[in-house]
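Asks: What follows is the residue order along each chain.
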Amino acid sequence: NAGVTQTPKFRILKIGQSMTLQCAQDMNHNYMYWYRQDPGMGLKLIYYSVGAGITDKGEVPNGYNVSRSTTEDFPLRLELAAPSQTSVYFCASSKPGQGHYEQYFGPGTRLTVT
Amino acid sequence: QKEVEQDPGPLSVPEGAIVSLNCTYSNSAFQYFMWYRQYSRKGPELLMYTYSSGNKEDGRFTAQVDKSSKYISLFIRDSQPSDSATYLCAMSASFQGAQKLVFGQGTRLTINP
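Here the protein sequences come in this chain order: A and B. Residues in the first sequence are numbered from 3 upward in steps of one, following my numbering. Residues in the second sequence are numbered from 385 upward in steps of one, following my numbering.
Bear in mind the hints are in silico, worked out from the structure with no lab data behind them.
Straight-line distance between alpha carbons at most 25 Å, and here's what the computed DSS-like set of lysine-lysine pairs gives:
{"no.": "1", "chain 1": "A", "residue 1": "Lys59", "chain 2": "B", "residue 2": "Lys386"}
{"no.": "2", "chain 1": "A", "residue 1": "Lys46", "chain 2": "B", "residue 2": "Lys454"}
{"no.": "3", "chain 1": "B", "residue 1": "Lys484", "chain 2": "A", "residue 2": "Lys97"}
{"no.": "4", "chain 1": "B", "residue 1": "Lys426", "chain 2": "A", "residue 2": "Lys11"}
{"no.": "5", "chain 1": "B", "residue 1": "Lys426", "chain 2": "A", "residue 2": "Lys46"}
{"no.": "6", "chain 1": "B", "residue 1": "Lys454", "chain 2": "B", "residue 2": "Lys484"}
{"no.": "7", "chain 1": "B", "residue 1": "Lys484", "chain 2": "A", "residue 2": "Lys46"}
{"no.": "8", "chain 1": "B", "residue 1": "Lys440", "chain 2": "A", "residue 2": "Lys97"}
Listed next, with one range per pair, are the computed distances between beta-carbon atoms:
{"no.": "9", "chain 1": "A", "residue 1": "Gly18", "chain 2": "B", "residue 2": "Pro465", "range": "43 to 49 Å"}
{"no.": "10", "chain 1": "B", "residue 1": "Asp391", "chain 2": "A", "residue 2": "Pro63", "range": "26 to 32 Å"}
{"no.": "11", "chain 1": "B", "residue 1": "Asp462", "chain 2": "A", "residue 2": "Ile56", "range": "43 to 49 Å"}
{"no.": "12", "chain 1": "A", "residue 1": "Asn67", "chain 2": "B", "residue 2": "Gly443", "range": "39 to 45 Å"}
{"no.": "13", "chain 1": "B", "residue 1": "Gly443", "chain 2": "A", "residue 2": "Gly55", "range": "40 to 46 Å"}
{"no.": "14", "chain 1": "B", "residue 1": "Arg461", "chain 2": "A", "residue 2": "Glu81", "range": "46 to 52 Å"}
{"no.": "15", "chain 1": "A", "residue 1": "Arg79", "chain 2": "B", "residue 2": "Asp462", "range": "45 to 51 Å"}
{"no.": "16", "chain 1": "A", "residue 1": "Thr72", "chain 2": "B", "residue 2": "Ser410", "range": "34 to 40 Å"}
{"no.": "17", "chain 1": "A", "residue 1": "Thr7", "chain 2": "B", "residue 2": "Arg461", "range": "32 to 38 Å"}
{"no.": "18", "chain 1": "B", "residue 1": "Pro398", "chain 2": "A", "residue 2": "Arg112", "range": "31 to 37 Å"}
{"no.": "19", "chain 1": "A", "residue 1": "Gln24", "chain 2": "B", "residue 2": "Glu441", "range": "35 to 41 Å"}
{"no.": "20", "chain 1": "A", "residue 1": "Asn67", "chain 2": "B", "residue 2": "Asp462", "range": "44 to 50 Å"}
We treat Cβ as the ideally placed atom computed from N, Cα and C, and that holds for glycine.
Full structure from sequences and hints, please.
Replies: Here it is as structure tokens:
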């Protein structure tokens with residue numbers, strides 16, 4: 003089991019560029035999440051999905067979009083990158099129901115927007 | 385007021401000391417209480433979880449929840465340099481059928497040999 007994988011590990015974007023952060027899990031988890039973590043801060047939920055075809059906004063969704071066409075994949079799209087989107091992005095997955103509290107995280111993508 | 389408050393530290397203690405990490409919360413709907421550990425440049429991983437008020441022990445780690453005071457703690461006994469990490473408290477409740485976690489800021493802990 004690879005668990006949760008994320009690509010790329012690092013990326014530098016210019017203001018106004020777009021990119022997609024990839025996330026995949028091989029644990030057959032229904033729930034998937036995208037978080038951002040700014041220095042010295044906790045994790046803020048951007049978007050989440052409870053299954054293929056179902057997504058919903060989290061706490062900080064502005065400037066991002068997601069899709070969930072399969073159980074395994076949950077890409078995060080940044081449109082018109084801004085310096086405020088400089089952060090470390092983590093994807094996570096979990097089982098529904100009582101297993102929801104154990105979220106499995108990927109290694110993160112470090113994004114810098116200049 | 386933030387839903388979950390956690391002192392970001394940093395906290396530095398000598399090896400072998402007892403460490404106490406704390407969080408307070410304001411949302412009485414929270415039902416599950418977790419501690420995640422995050423090593424530098426890695427994703428968080430679940431360390432412990434509790435569902436009810438009281439203590440839960442796992443080796444050198446004890447998680448404590450006081451729902452009446454809306455206060456949770458993590459104690460680390462006989463701390464080791466390998467415990468050096470950021471510790472994030474997290475809490476959850478069901479929102480319209482989905483369960484989402486709310487994280488504290490994280491406390492950066494260093495154990496000095």
